[in-house]
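**Student:** Listed here are the chains, written in short residue letters.
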Amino acid sequence: MISAAQGTGVYVYGVFASGAPAPHGVETVEHDGLVALVRDVPLDEFGEEALPTHLNDREWLERQVRGHEDVLASAAEAATVVPFRFGVICHDRSDVARLLDEHRELLQRDLLRVDGCEELGVKVWYESPQAPASDASDDAPAGGRAYLERRRDSRRRALELAAEREVLVADVHDRLARYSVASVVNRPQPKELSGREEQMLLNAAYLVRRGDETLAQEIASLRAEHAMSGYAFELTGPWPPYNFVGEDA
Amino acid sequence: MSARDLARSGNGGGPAQLADVLERVLDKGIVIAGDIQINLLDIELLTVRLRLLIASADKAREMGIDWWEGDPFLSRRAGGDALEDRLKRLEAAAGLESGERKDES
Chain A
1 MISAAQGTGV YVYGVFASGA PAPHGVETVE HDGLVALVRD VPLDEFGEEA LPTHLNDREW
61 LERQVRGHED VLASAAEAAT VVPFRFGVIC HDRSDVARLL DEHRELLQRD LLRVDGCEEL
121 GVKVWYESPQ APASDASDDA PAGGRAYLER RRDSRRRALE LAAEREVLVA DVHDRLARYS
181 VASVVNRPQP KELSGREEQM LLNAAYLVRR GDETLAQEIA SLRAEHAMSG YAFELTGPWP
241 PYNFVGEDA
Chain B
1 MSARDLARSG NGGGPAQLAD VLERVLDKGI VIAGDIQINL LDIELLTVRL RLLIASADKA
61 REMGIDWWEG DPFLSRRAGG DALEDRLKRL EAAAGLESGE RKDES
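If you read the protein sequences in the order shown, they are chains A and B. According to our numbering, the first sequence is numbered sequentially starting from 1. According to our numbering, the second sequence is numbered sequentially starting from 1.
The shape of chain A in the complex, shown without the other chains (with noise of 0.2 Å):
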């Protein structure tokens, strides 16, 4: 049965379709038409009860996170990845080729949905201009009345900013929408994640035809227009297809 502590396991990638090689030191499972990028991983670092302690280790994460993607971007250079999330890991190559018999329904569907394309990533971010005189400052007209007429003045020009804003990120996502294969919003990524001062409005990702440049093209008709009004558009990748696998792709 399972060993916690010894031996190894087989950490699978993901899965792309036979016949494309494999990148650089990666192995490969092949059952029946499906190929699985495929490593040996140690089980005192990968195992049942190694595997959190190691997750809350920073570093740690971040090396197993980048040289996942690394090796999924390496193998979507060749051919169509399937990619899977961060972390299984199966007994031995055996299981490895029952993983993909089992799953074989899903992941031929996900082979052919993605096929030829790859991931774009957008993400629109705001920084306010430097707002005018505040409700507080000392030079304004004294009074109670005064007072709450600026609170209502500021609060409306807020509410109306904000719509603005909204407006203007659907607009974004529909015109982008239109060159793509499929699309996905995802909740924008909090300033302590993102490690930015500016307001992540957008944060979508788009399947394109690989080569395809025009919703990159896109992206900088975009930049052109609000130039200098706030607002940034950042375009990632090409990635692979994360966002447009799984169950509920």
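Partner residues are not named here, just some residues of chain A that face chain B (Cβ under 8 Å, in silico):
1) His68
2) Pro83
3) Arg85
4) Gln189
5) Ser194
6) Gly195
7) Tyr242
8) Val245
With the C-beta cut set under 8 Å, the calculated list includes, among others, these residues of chain A facing chain B:
9) Val65
10) Glu69
11) Gly121
12) Leu193
13) Gly246
Read the hints as simulated data drawn from the structure, not as lab findings. Even for Gly, the Cβ is constructed at its ideal location relative to N, Cα and C.
With chain A fixed as given, assemble chain B onto it according to the hints.
**Tutor:** The following block gives chain B in isolation, referenced to the frame of chain A:
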């Protein structure tokens, strides 16, 4: 400028930002459930647990891996309700609780 150049320029030509990689590798990608994983857990439950584990550690809190929290307005607009519900369901199934996550009504 080609699409790739433009995309790469988004992060200064360097490696992808960690936040983007974490978001995809830990939260997206195909989820395989089965009884052959070493952890013998539904991998999705593992992922939820993983997030909570990470979120409970001081080091990881510094990294801010808490994207299931956040602004209710934005998360609702981005379709976060479904994710919230799913997360709650999974947490209940896993017998885990997240005391820090805000409820959305």
